[in-house]
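Protein chains in written order, with UniProt numbering: chain U, 1 to 178; chain V, 1 to 178.
Hints were generated in silico from the structure; no laboratory data involved. For every residue, glycine included, the Cβ atom is placed at its ideal position computed from N, Cα and C. It is possible that part of the hints are untrue.
Not everything, but these chain V residues come out facing chain U in the computed CB check (under 10 Å) [claimed, not checked]:
#, residue
1, Arg-35
2, Arg-36
3, Trp-37
4, Glu-92
5, Arg-100
6, Pro-142
7, Phe-147
8, Met-155
9, Thr-160
10, Val-168
11, Val-169
2 protein chains.
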Amino acid sequence: MLTVTLRLLQSHGYDRLTVDAVAAEAKASKATVYRRWPSKADLVLAAFIEGTRETAVAPKTGSLRDDLIAIGTGVAALAREHAMTMRAVLNEMSHSVDLRKAMQDKFVRHRHTMIEEVLAAAVDRGEIDAEAIDPEIWDVLPGYLVFRSLISERMPTDETVRVLVDEVVLPGLRRTRV
Amino acid sequence: MLTVTLRLLQSHGYDRLTVDAVAAEAKASKATVYRRWPSKADLVLAAFIEGTRETAVAPKTGSLRDDLIAIGTGVAALAREHAMTMRAVLNEMSHSVDLRKAMQDKFVRHRHTMIEEVLAAAVDRGEIDAEAIDPEIWDVLPGYLVFRSLISERMPTDETVRVLVDEVVLPGLRRTRV
């Protein structure tokens with residue numbers, strides 16, 4: 001069902017997607033779909049979370065730079081693939097407190113924990129100082145890459161990830177070592 | 001007309017805004033409005049550019065840090081004020097090549113030039129090396145702040161701007177000096 005939703009989202013966009021079309025395409029009854037996902041927004045958020053599952057695990061490469069490159073590469077690939085879905089979900093979030101809360105609980109909080117783990121491991125290995133980590137901007141790496149995918153003329157590439165990590169994120173995390 | 005558009009956008013959102021409502025509220029004929037802005041997307045983009053005009057001028061404080069803080073503070077204030085409009089415009093950009101091109105020509109290119117000026121002045125003053133500037137990520141400062149305003153649970157504050165400038169952007173620009 002979620003795979004069908006993502007496929008229809010990519011071909012038709014959020015505005016033209018209907019829960020009925022998803023049910024028909026997945027050969028499920030409308031009642032089944034509505035019981036699990038009461039609104040189109042719920043269904044799309046569930047599909048988005050399912051579609052981004054592969055980037056939900058901390059990379060654990062053993063080096064901070066490689067971990068950050070791995071996270072950034074995963075975010076950039078997903079952002080390129082799901083740009084239209086993300087724009088639509090962000091727009092829906094303007095209208096729906098429930099959708100904002102669900103995005104926070106089911107997606108954002110989890111990614112925050114993952115990045116905290118990566119940074120804590122780098123502190124344990126002695127790569128950076130603990131005081132260099134500022135929770136205010138924990139999401140600067142994924143945030144800028146998502147921004148770039150929303151501005152569709154400049155989709156983020158592997159080079160974007162490399163430059164962002166080597167010239168912005170790492171110098172920031174190493175600044176207390178100067 | 002553009003002031004009315006912005007006000008209606010803020011109270012009703014993009015989806016519920018109509019060109020007819022703007023014409024009625026501004027006491028103009030529909031023909032006048034449609035002659036100048038053939039579609040709702042054109043009208044909203046024009047209003048967005050007008051509404052962000054105050055942040056279109058390079059600050060020229062004489063110091064790179066103060067220039068970056070001034071730019072970031074302006075972007076964050078606008079991003080907070082026009083978050084709903086920006087989400088809607090980004091979503092419309094998915095569907096419209098014309099809107100993407102207009103945003104690029106009338107907004108993005110201009111901001112790029114402004115940030116290039118600020119960085120070039122810092123190079124002239126000897127604050128940073130020219131080779132520290134990477135065009136690939138010229139918009140990391142405004143981009144992350146816009147991202148934060150799209151994720152509406154964490155609107156960017158003055159503290160966000162300070163942390164972003166002091167702990168991320170400046171260490172990146174000064175990295176070749178280490």
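Hint by hint, here is what the structure shows:
1. Look at V/Arg-35: its Cβ only gets to about 27 Å from chain U, farther than 10 Å, so that hint breaks.
2. Because the closest C-beta pair between V/Arg-36 and chain U is about 25 Å apart, greater than 10 Å, the hint is violated.
3. Proximity of V/Trp-37 to chain U is violated relative to the hint, the smallest CB-CB distance being about 21 Å (cut-off 10 Å).
4. Annotation: V/Glu-92 was flagged as interfacial toward chain U, and the flag holds, the nearest CB pair being 9 Å apart, inside 10 Å.
5. With a cut of 10 Å, the hint placing V/Arg-100 at the interface with chain U holds, because the nearest CB-to-CB distance is about 6 Å.
6. A least Cβ separation of about 9 Å between V/Pro-142 and chain U falls short of the 10 Å threshold, and the interface hint therefore holds.
7. Below 10 Å, beta-carbon pairs count as interface contacts, and V/Phe-147 has one with chain U at about 4 Å; its hint therefore holds.
8. For V/Met-155, the suggested interface contact is broken, since its CB lies about 12 Å from the closest CB of chain U, more than 10 Å.
9. Checking V/Thr-160 against chain U: minimum C-beta separation of about 6 Å stays under 10 Å; hint holds.
10. This hint holds: V/Val-168 has a C-beta 4 Å from the nearest C-beta of chain U, less than the 10 Å allowed.
11. For V/Val-169, the interface hint holds, the least distance from its beta-carbon to any beta-carbon of chain U being 7 Å, beneath 10 Å.
Hint violations for this structure: numbers 1, 2, 3, 8, all remaining hints satisfied.
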